[in-house]
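These are the residues of each chain, in order.
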Amino acid sequence: MVNKMVTNISAKMPTGLVQSKKEKMEETAYPEDTIGTPLLEGSKMSMRNVDVFYGDKQAIFNVNVDVGQNEVIAMIGPSGCGKSTFLRSINRMNDTVESCRVTGQLTLDGEDIYSAQMDPVALRARVGMVFQKPNPFPKTIYDNVAYGPRLHGLASRRAELDEIVEISLTRAGLWAEAKDRLDQPGTGLSGGQQQRLCIARAIAISPEVILMDEPCSALDPIATAKIEELIAELSQNYTIAIVTHSMQQAARVSHRTAYFHLGRLVEVNETEKVFTAPEHQLTEAYITGRFG
Amino acid sequence: MADSNLSHAERIQSSLAKRYRAEKHFKFYGAAAIAFGLLCVVLLFTDIISKGYKAFGQTYIQLEVTYDASTLGITDVNDSQQIVLADFHGVVKTALKSRFVDVSGRKAKRDLYGLISHGAGYTLRDRLVANPKLLNQTETLWLVADDDIDTYYKSIDSDAGAFVGRMSEQRQGWVDQLAQSDDVKMRLNRNFFTQGDSREPELAGIRGAAMGSLFTLIITIALSFPIGVAAAVYLEEFAPQNRWTDLIEVNINNLAAVPSIIFGLLGLAIFINFFHVPRSVPVVGGLVLTLMTLPTIIISSRAAIKAVPPSIRDAAIGVGASPMQVVLHHVLPLAMPGMLTGAIIGMAQALGETAPLLMIGMVAFIVDIPGGFTDPSTVLPVQIFLWADSPERAFMEKTSAAIMVLLAFLIFMNTLAVILRKRLERRW
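Those protein sequence lines, which keep their order, are chains D and A.
Counted from 1, the first sequence has number 913 at position 60 by my numbering; the numbering is strictly sequential.
Counted from 1, the second sequence has number 467 at position 373 by my numbering; the numbering is strictly sequential.
So that you can see chain A by itself, here it is in the shape it has in the complex:
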């Protein structure tokens, strides 16, 4: 040995420095990994928020509108038939024409009428129905601008210059003119939170998808949590240890790794084609996502049950509790925090899942907001996918805004899980 003349203490001393150095390096790598992760999260959030926050505002144009009975083509406001057929957009057109009197030519006029969204007609209709006295009266109103105008107006002050897109110079001139007389402004985009999907970006909202997600998740948790916990309890506490249970265990672990689109195909084949559950509805979505989240919940629940100290089981059996009582009184309450964590992880996965839902028709374009478990609906991630696919420039910010809503949904669920766990957790 080269350093055999060193004493014990000296050798320990020299190795100490090396050990501490290794520890320091390890700490550094750990901190670096966390810093990298945080950086990515910050980048992601800044990107999404900087792109999406504008979607929460909407450009409105102020116009003097006259509810002219002859333009509308109605005689009686209380006749719903007439109201349905009434030409409210015609009223908007008249208002625009009187605001910009010098516009002539078919194309120019069409451009002019396009300043205001088609949705404005519905606003007027609602106002008139609510207050029939407005017929033949004039009022000054803020009306939703078209998405091109919206995109242009939002980018008007940006460093890169205004986004023009398909806008003609004439239209830009009109908007600038309106802006000078303070007849254009940004208001909170209430449509985004109260409406379903639409082909018109300025009218499209997230509520339909959010409700669809909510209903789907309710089905998923209502089915997968009890089934998963029951399966885990049976496998851990009651099932004999033999080749069959080994086989089941291996297969549950395999299922957790199966690509989710396979579950979609399974759902299509079984629930829709065989059991004839209607397609595109939260029930079938929830069933498919239940299949997908079950393995996650079973695995984490089993781990939580295994972590319950055997001494507690012994104690309960020792005073004469039946196996069922041991489970209900002691094992389940003690394992509940762990099971909930697993369930929430499963739910978060289900909330973000797109692929299997595409297979069962939840990718459809649905304007109505679902009111129940059997109404056709879509879900948040599918809505994001649909909007990201749309050609209109204005859908870009909607996509980011929808991602923000999805993230908010997730954060809310995780917070709920943490609170529940804190309340259920027991100190030893």
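So that you can see chain D by itself, here it is in the shape it has in the complex:
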């Protein structure tokens, strides 16, 4: 008796759901070109016909998008849609993955990111990155922030370095909490503080663009709120591209939102428009929670 009931339930429940989802996706065709306003006049960064491959597998299909000066662009989409891959190809973090290959044209201030003249190390000093999991170095808070400036020789004297550290920590909203414990390990901070430390570390070398790969996914709501406030402040000085799983977050922090689906950039629009009147069926399905 019991056995029977259990098998009945398991046969019915999940598979049915999965099937209907799949059918839904297959029904909807991808648009020829990205819908909305992917391209801008006088952009900070522009990406044209970008394809990314892992070995034989193509992860990104023909993406065209611009990012404006001091703009916050959010990239959303279901898991595995390639938004992180796309983000990591902007500062050539994908170079470290041996099987990864990027084609198309990506430019920063009109300079080709993938040209032979562009040094990846110099590029990453201009395009900073904050990662999903807070990853402070197992060093002191001070050394964490000072690491980048020291690498690039941005400070010639100790006092200068102190100043950079203070400004960076202040901008990252961590100065008040950390100023008395600069000599303590960064790994001893709470999760949210660690993530702000990572942001401070990224902005210590004054990058032009900051890439954020789901920066709040490992944080609690209060820490998340702080980071979001921070993003709003940082957007006055920096261009920010943020990948997020939370649509609310995208709605709160970004000016424009890009919706990725299975490696294709489906729609880019003003954030408000994406969340109130999405143009494409897939975008609508995603933001209304029919898959995610």
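No false leads were slipped in.
Label pairs and their calculated CB-CB ranges:
| # | chain 1 | residue 1 | chain 2 | residue 2 | range |
| --- | --- | --- | --- | --- | --- |
| 1 | A | F120 | D | S1070 | 37 to 43 Å |
| 2 | A | P404 | D | R1010 | 30 to 36 Å |
| 3 | D | G957 | A | F120 | 54 to 60 Å |
| 4 | A | I356 | D | T949 | 36 to 42 Å |
| 5 | D | G908 | A | P320 | 31 to 37 Å |
| 6 | A | P403 | D | Q1101 | 26 to 32 Å |
| 7 | A | F120 | D | V974 | 50 to 56 Å |
| 8 | A | L110 | D | S1070 | 37 to 43 Å |
| 9 | D | D1073 | A | P403 | 21 to 27 Å |
| 10 | A | D340 | D | T949 | 19 to 25 Å |
Calculated cross-link-like contacts (lysine-lysine; reagent style DSSO-like; alpha-carbon spacing at most 27 Å):
| # | chain 1 | residue 1 | chain 2 | residue 2 |
| --- | --- | --- | --- | --- |
| 11 | A | K400 | D | K992 |
| 12 | A | K516 | D | K992 |
| 13 | D | K1032 | D | K986 |
In case anyone wonders, no lab produced these hints; they're calculated from the structure.
Virtual Cβ for every residue (Gly too), placed ideally from N, Cα, C.
Knowing the structure of chain D, use the given hints to seat chain A on it.
Showing chain A alone in chain D's frame:
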């Protein structure tokens, strides 16, 4: 189903007891395995220590010695030529003769003179050279007894009775006589710690082998650690993943399993026969042991590098560190404790290695204590092998004592490794 009338909870309940029983059994087997291991270690240590501790003591005989110029055959103490040729053992013989006046006959006399080690002559010489005024004077001295006497005297109180061996009854009588007048006693065996090897057990010491081991290991660590770490860093961080690197990886793993004597043959063929490095020296020993320990160090270093979280690499690359800076600033410091563990395991292996060193002539009988990397020398395990092979009874306890020194060396190295690791380890 037989028990289909049981409820879910009841079935879980009945399986629980079985699961806990299995866990209990498993715990017991684990504890038993550890207990067995500990028992073996305790047995080993008791056996070695009970056999070897006596080697740290040495029997001395008190004699009244006269530095008689005519017996010695010298006129001027400051003439080194005369001192070298002087018959100091003759002085000892005279002293023994005057202690046991009633001994006669060639054989008996030879037995009598054999009470004191030949090494006693060197003690007298050193004293006379240090203080020339002693010439023609008399002093009472404790002199090193011969190894037979030593073995006999050490076992005199044992439950199994004294070990007699080649000792004649007459000699036993003399020793007993000396013992009665308190002219025999045990003293700390300083020779054991300060001398090199000798054919005379009472004069043989471990210092030559210990220094040989030290020099050999210095060469080994100085070569194998940097080379091994560099190879591991290159293979993990920079080398492309292709058929060549796969081939290299497979071969490194194979090398780790190659019998060590093969490395000895390799060293003989390459270092000695081709490059003409002198044989029996710590340099060539260190080179051979480097070949042997490299695979161990490379494998453990690669494992340590692999264990560095990729998020740290990402973080460093993200702020614009070059690949070399990522390695130097982050990967190496974080992997260092693991690499050190591998290096110490390799070093411990190298310290205990005998076979490859036999092939390159480090098995030679060497009396002088090596003073550098190119002096002929032997190493601790080879010394143990040599002494275990010697017929004299007294070498048995020396063998055990040498094993104790080797173990002490090992424990010291491992302690050092633990301390280093503790200091370098970082909390996450």
